[in-house]
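**Student:** Whenever a hint applies, use it, and build me the whole structure from the sequences.
Taken in sequence, the protein lines are chains Y and E. The numbering used here puts the first residue of the first sequence at 5, with every later residue one more than the last. The numbering used here puts the first residue of the second sequence at 157, with every later residue one more than the last.
These aren't lab readings, by the way, just hints derived from the structure by calculation. Do not rely on the hints blindly, as some may be mistaken.
Below 30 Å or equal to it, Euclidean Cα-Cα: the simulated DSS-like pairs (lysine-lysine) are [claimed, not checked]:
{"hint": "1", "chain 1": "Y", "residue 1": "K144", "chain 2": "E", "residue 2": "K356"}
{"hint": "2", "chain 1": "Y", "residue 1": "K76", "chain 2": "Y", "residue 2": "K11"}
{"hint": "3", "chain 1": "E", "residue 1": "K356", "chain 2": "Y", "residue 2": "K122"}
{"hint": "4", "chain 1": "E", "residue 1": "K356", "chain 2": "Y", "residue 2": "K25"}
{"hint": "5", "chain 1": "Y", "residue 1": "K25", "chain 2": "E", "residue 2": "K245"}
{"hint": "6", "chain 1": "E", "residue 1": "K356", "chain 2": "Y", "residue 2": "K118"}
{"hint": "7", "chain 1": "Y", "residue 1": "K179", "chain 2": "Y", "residue 2": "K338"}
{"hint": "8", "chain 1": "Y", "residue 1": "K122", "chain 2": "Y", "residue 2": "K220"}
{"hint": "9", "chain 1": "E", "residue 1": "K356", "chain 2": "Y", "residue 2": "K31"}
{"hint": "10", "chain 1": "E", "residue 1": "K356", "chain 2": "Y", "residue 2": "K124"}
{"hint": "11", "chain 1": "Y", "residue 1": "K269", "chain 2": "Y", "residue 2": "K366"}
{"hint": "12", "chain 1": "Y", "residue 1": "K68", "chain 2": "E", "residue 2": "K245"}
{"hint": "13", "chain 1": "Y", "residue 1": "K310", "chain 2": "Y", "residue 2": "K300"}
{"hint": "14", "chain 1": "Y", "residue 1": "K124", "chain 2": "Y", "residue 2": "K220"}
{"hint": "15", "chain 1": "Y", "residue 1": "K366", "chain 2": "Y", "residue 2": "K338"}
{"hint": "16", "chain 1": "Y", "residue 1": "K76", "chain 2": "Y", "residue 2": "K179"}
{"hint": "17", "chain 1": "Y", "residue 1": "K220", "chain 2": "Y", "residue 2": "K300"}
{"hint": "18", "chain 1": "Y", "residue 1": "K269", "chain 2": "Y", "residue 2": "K189"}
{"hint": "19", "chain 1": "Y", "residue 1": "K68", "chain 2": "E", "residue 2": "K356"}
{"hint": "20", "chain 1": "Y", "residue 1": "K257", "chain 2": "Y", "residue 2": "K279"}
{"hint": "21", "chain 1": "Y", "residue 1": "K25", "chain 2": "Y", "residue 2": "K220"}
{"hint": "22", "chain 1": "Y", "residue 1": "K274", "chain 2": "Y", "residue 2": "K257"}
{"hint": "23", "chain 1": "Y", "residue 1": "K328", "chain 2": "Y", "residue 2": "K283"}
{"hint": "24", "chain 1": "Y", "residue 1": "K257", "chain 2": "Y", "residue 2": "K356"}
{"hint": "25", "chain 1": "Y", "residue 1": "K360", "chain 2": "Y", "residue 2": "K328"}
{"hint": "26", "chain 1": "Y", "residue 1": "K321", "chain 2": "Y", "residue 2": "K300"}
{"hint": "27", "chain 1": "Y", "residue 1": "K179", "chain 2": "Y", "residue 2": "K269"}
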Amino acid sequence: MARIELKDVSHSFEIAEGKEKLEWAVKDMNIVWEDGTANALLGPSGCGKTTMLNIISGLLTPSKGKVYIDGKDVTELSARERHIAQVFQFPVIYDSMNVYNNLSFPLVNMNFPKSKIKEKVMKIAEILGLIDYLEASTSKLNSAEKQKVCLGRGIVRDDTVGILLDEPLTVIDPKMRGELRRQLKIIQRELNITAIYVTHDQREALTFADKVAVAKDGRLVQIGSPHELYSNPVSPFIGYFIGSPGMNILDAKLNGSTLSLNGFKIELSKDITDKIEIKNSECQLGIRPEEIITSKERTTETIPIKVAVIENMGSYKILTLIKKNGSNRDLSIKTRIDINMSVSKGDIVYLKFPEKYLKIFKDNHKIY
Amino acid sequence: MKNRAWYFVIPMIVLMSIGAFLPLMVVVNYSQHYIFAGSAATYVGLENFVEVLHDSQFRGAVRRQFIFTFMILLIEIPLGIIIALALPKKGFWVAPCLVLLGIPLLIPYNVVGIIWRLFTQSDIGVIPKIFEVLGGYYNVTLDSFDAASTILLLDVWHWTPLVVLLVYAGLQAIPDAYYQAAAIDGANSWRTFRFVTLPKLRSVLTLGILLRLMDSFKIYSEPLLLTGGGPGTATTYLSLFVARKAESYELGYASAASLIYFFIVLAMSYIAFQIITRIGKGGKVE
Chain Y
5 MARIELKDVS
15 HSFEIAEGKE
25 KLEWAVKDMN
35 IVWEDGTANA
45 LLGPSGCGKT
55 TMLNIISGLL
65 TPSKGKVYID
75 GKDVTELSAR
85 ERHIAQVFQF
95 PVIYDSMNVY
105 NNLSFPLVNM
115 NFPKSKIKEK
125 VMKIAEILGL
135 IDYLEASTSK
145 LNSAEKQKVC
155 LGRGIVRDDT
165 VGILLDEPLT
175 VIDPKMRGEL
185 RRQLKIIQRE
195 LNITAIYVTH
205 DQREALTFAD
215 KVAVAKDGRL
225 VQIGSPHELY
235 SNPVSPFIGY
245 FIGSPGMNIL
255 DAKLNGSTLS
265 LNGFKIELSK
275 DITDKIEIKN
285 SECQLGIRPE
295 EIITSKERTT
305 ETIPIKVAVI
315 ENMGSYKILT
325 LIKKNGSNRD
335 LSIKTRIDIN
345 MSVSKGDIVY
355 LKFPEKYLKI
365 FKDNHKIY
Chain E
157 MKNRAWYFVI
167 PMIVLMSIGA
177 FLPLMVVVNY
187 SQHYIFAGSA
197 ATYVGLENFV
207 EVLHDSQFRG
217 AVRRQFIFTF
227 MILLIEIPLG
237 IIIALALPKK
247 GFWVAPCLVL
257 LGIPLLIPYN
267 VVGIIWRLFT
277 QSDIGVIPKI
287 FEVLGGYYNV
297 TLDSFDAAST
307 ILLLDVWHWT
317 PLVVLLVYAG
327 LQAIPDAYYQ
337 AAAIDGANSW
347 RTFRFVTLPK
357 LRSVLTLGIL
367 LRLMDSFKIY
377 SEPLLLTGGG
387 PGTATTYLSL
397 FVARKAESYE
407 LGYASAASLI
417 YFFIVLAMSY
427 IAFQIITRIG
437 KGGKVE
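**Tutor:** Below, the structure written as C-alpha cells:
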C-alpha cells in the first residue's frame with residue numbers, strides 16, 4: 005500500500021484532438037492521498053472525477069503534471085505497472101469463470117504457483133465473506149457479491165498499492181447498498197489499503213472516507229474531513245453540495261454591523277464584525293436548515309416568513325419558506341423542524357438564525 | 157384462451173400451416189407410398205425409409221454433407237472472428253469496410269453460382285488461369301477435389317461476412333470496463349480474448365453457428381449451377397440428392413429421404429444449441 009500524489013495535474017481532451025481552444029477536464033490538481041487512508045473524491049456529474057480516476061489508474065496520461073506513487077514518478081507507466089486496482093461502476097466479472105477462478109485470475113496471470121494461489125484466494129474470500137460461493141457460478145451472485153468479487157480481484161495481489169472505487173454502489177440493490185458500504189469500509193480498515201472512492205453521492209463519500217476532496221469543474225474546491233466540510237465550507241458550493249438539504253445560501257448586504265436580507269435585518273455582534281474586513285458590500289449568508297430555529301411564536305429579532313412546501317421525512321419535516329419580493333428574486337429558505345410541530349401550508353413561521361452557525365461568503369469564498 | 161394475444165397469432169399460424177405444415181404432411185404421406193408419376197400410389201409402410209437408409213448413394217450424400225458443414229463452421233467462424241477483430245472500431249473506415257464486407261451477402265444464391273461458374277470455367281475463368289500461371293492444374297468439372305473445395309471456398313466467400321457482422325456487433329457491445337479490468341489484472345492479449353471477448357461473444361456466436369449450420373445443410377443452388385453435383389457425385393449434397401430423386405419421379409423415395417434429412421438438421425441444430433449454451437456457463441476453467 006502506498007501514498008498516491010497528484011502534482012499540478014491538468015488534462016484537456018482537446019490537446020489530443022489538436023484543437024486551439026482548450027477546455028480543461030482537470031485543472032491544476034494538487035492532492036495527496038496518504039498511505040492506508042480511506043478517501044473520497046466527491047463532485048457533481050461532469051466535474052472531472054472520472055478523468056482524474058483514469059489519470060490515477062494509468063488509463064490516461066495527463067496533459068500536464070505528474071503522478072507519484074510512494075514518491076516515484078509513475079506518470080508514464082501503464083495501468084498494470086502501477087499496481088492500482090479498480091472497482092468499476094457496474095460489476096466487471098469474468099462470467100465464464102466461477103468465483104474462485106475470478107479471484108485467482110490476476111495471480112494466474114502472474115504465474116503464481118497453484119498452492120500459493122489457493123492460499124491467497126482463501127484468505128481474501130474469508131475477508132470478503134465469499135468462502136461459501138467459491139465454486140459457484142458468478143451468475144448465481146447478486147450485484148453486491150459481484151462487486152465484492154471485483155474488489156477481491158484487486159486486493160488478492162500483494163503488490164496492489166491502492167484501490168479506486170468508481171461509484172461502486174450505483175447498480176447495487178438499495179437494500180444491500182448500506183451493507184456493502186459498511187463492508188467496504190471495514191475491509192479498507194482491516195487491510196489498511198489506500199482507497200479512493202469516487203462518487204457524486206455525498207452520503208457515500210462522507211460515510212466511507214476519513215478525508216473527502218470535493219471537485220467542481222475540474223478543480224479541487226476543498227479537502228477535509230466530513231465534519232470540516234459540513235461545518236466549515238470554504239465556498240457556497242460546498243455548503244450547498246454537502247448536507248441534505250444543502251445549506252441555505254441567501255443574498256445579503258452588509259452595512260457596518262447590519263446584515264440586511266431582503267428587507268430583514270440581522271445585527272452582527274462585534275465578534276463577527278471584527279473578523280470581516282469588508283464593511284459595506286454585497287455578500288452571501290449561509291446557514292444550514294437544521295441550524296435555523298423555527299418557531300410559531302413571534303419573538304424579538306425573528307424573521308416572519310410564509311410556509312410554501314412541507315416535506316415529511318418521517319422523523320423530521322423540511323419546510324420551504326418563501327417571501328415574495330416583487331420583481332426581485334424571491335427569498336427562499338429551507339428549515340428542518342421537529343416532526344411533532346404542526347404547520348400547514350400558508351402559515352407564517354418565525355425564524356431565528358443563531359449567530360454561531362452563520363457563514364458569510366463573498367465572491368464564492370468564505371469571509372467568516 | 158385466456159390470453160388475448162393468441163388471437164393475433166392465429167393468422168400467422170394459419171399461414172404457417174399452409175406454407176409449412178401441410179406440405180410437410182404431404183411429404184409424410186408420400187414417404188409411405190410407392191409412387192411413380194402417372195400410376196396409382198401403393199402403400200408400402202416404412203419400406204422407403206429402409207431403402208433410403210441402405211442406399212449407399214444417400215449415405216455418400218450424408219457423409220459429404222457432414223464434411224462440408226463441418227469444414228464451413230471450422231473455417232467461417234474463426235475467420236469471421238479474426239476479421240471482425242481486425243476491423244476498425246470507429247472512424248471513417250468503419251462504413252466502407254462494413255459495406256464492402258456486406259456485398260457478398262446481398263447477392264442471391266443462384267447469381268453467386270453463376271459468378272463462380274464464370275470464375276472457374278476452364279477456358280475463360282480466372283481461377284484456372286491463376287493455377288496455369290503458377291504451374292498447377294485446376295479443373296472444376298473433372299477433378300472431384302477441385303469441385304468440392306471450390307464449393308467450400310464459394311461458401312466461405314459468401315457467408316463469412318455474416319459471421320463478421322454478427323461478431324463485430326457483439327464486439328461493439330462489450331463495455332470498455334472489461335478490457336480495463338483485464339489490463340489491470342495483468343491479462344495478456346490471449347487471456348483477455350479468451351476470458352473477456354470470447355465469453356461475451358457467446359450469444360452472437362451461438363446465433364452465427366446455428367445459422368451457418370442450418371444454412372449449410374440447405375446448400376443447393378450453388379453446386380447445382382457450378383458443378384451440377386459432379387464430377388460424379390463429388391458435390392452432391394443432401395438437398396441436391398433429394399431433388400435429383402424427386403426429379404426422376406421417385407417421389408416416395410425422395411419424400412422418405414427428405415424426412416430423414418429434415419430430422420438430421422433438427423437433431424444437429426438441437427445438439428449444437430445445447431453444446432454452445434452449456435459451454436462456459438460458470439463451468440470449471442483450468
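**Student:** Indicate, hint by hint, whether the structure satisfies it.
**Tutor:** Going down the list of hints, with the structure as the test:
| no. | hint | verdict |
| --- | --- | --- |
| 1 | K144(Y) - K356(E) | 17 Å, holds |
| 2 | K76(Y) - K11(Y) | 12 Å, holds |
| 3 | K356(E) - K122(Y) | 27 Å, holds |
| 4 | K356(E) - K25(Y) | 40 Å, violated |
| 5 | K25(Y) - K245(E) | 27 Å, holds |
| 6 | K356(E) - K118(Y) | 27 Å, holds |
| 7 | K179(Y) - K338(Y) | 29 Å, holds |
| 8 | K122(Y) - K220(Y) | 44 Å, violated |
| 9 | K356(E) - K31(Y) | 37 Å, violated |
| 10 | K356(E) - K124(Y) | 28 Å, holds |
| 11 | K269(Y) - K366(Y) | 18 Å, holds |
| 12 | K68(Y) - K245(E) | 28 Å, holds |
| 13 | K310(Y) - K300(Y) | 11 Å, holds |
| 14 | K124(Y) - K220(Y) | 40 Å, violated |
| 15 | K366(Y) - K338(Y) | 21 Å, holds |
| 16 | K76(Y) - K179(Y) | 42 Å, violated |
| 17 | K220(Y) - K300(Y) | 39 Å, violated |
| 18 | K269(Y) - K189(Y) | 46 Å, violated |
| 19 | K68(Y) - K356(E) | 37 Å, violated |
| 20 | K257(Y) - K279(Y) | 17 Å, holds |
| 21 | K25(Y) - K220(Y) | 20 Å, holds |
| 22 | K274(Y) - K257(Y) | 17 Å, holds |
| 23 | K328(Y) - K283(Y) | 28 Å, holds |
| 24 | K257(Y) - K356(Y) | 18 Å, holds |
| 25 | K360(Y) - K328(Y) | 28 Å, holds |
| 26 | K321(Y) - K300(Y) | 15 Å, holds |
| 27 | K179(Y) - K269(Y) | 47 Å, violated |
In this structure, the hints that do not hold are numbers 4, 8, 9, 14, 16, 17, 18, 19, 27, in rising order.
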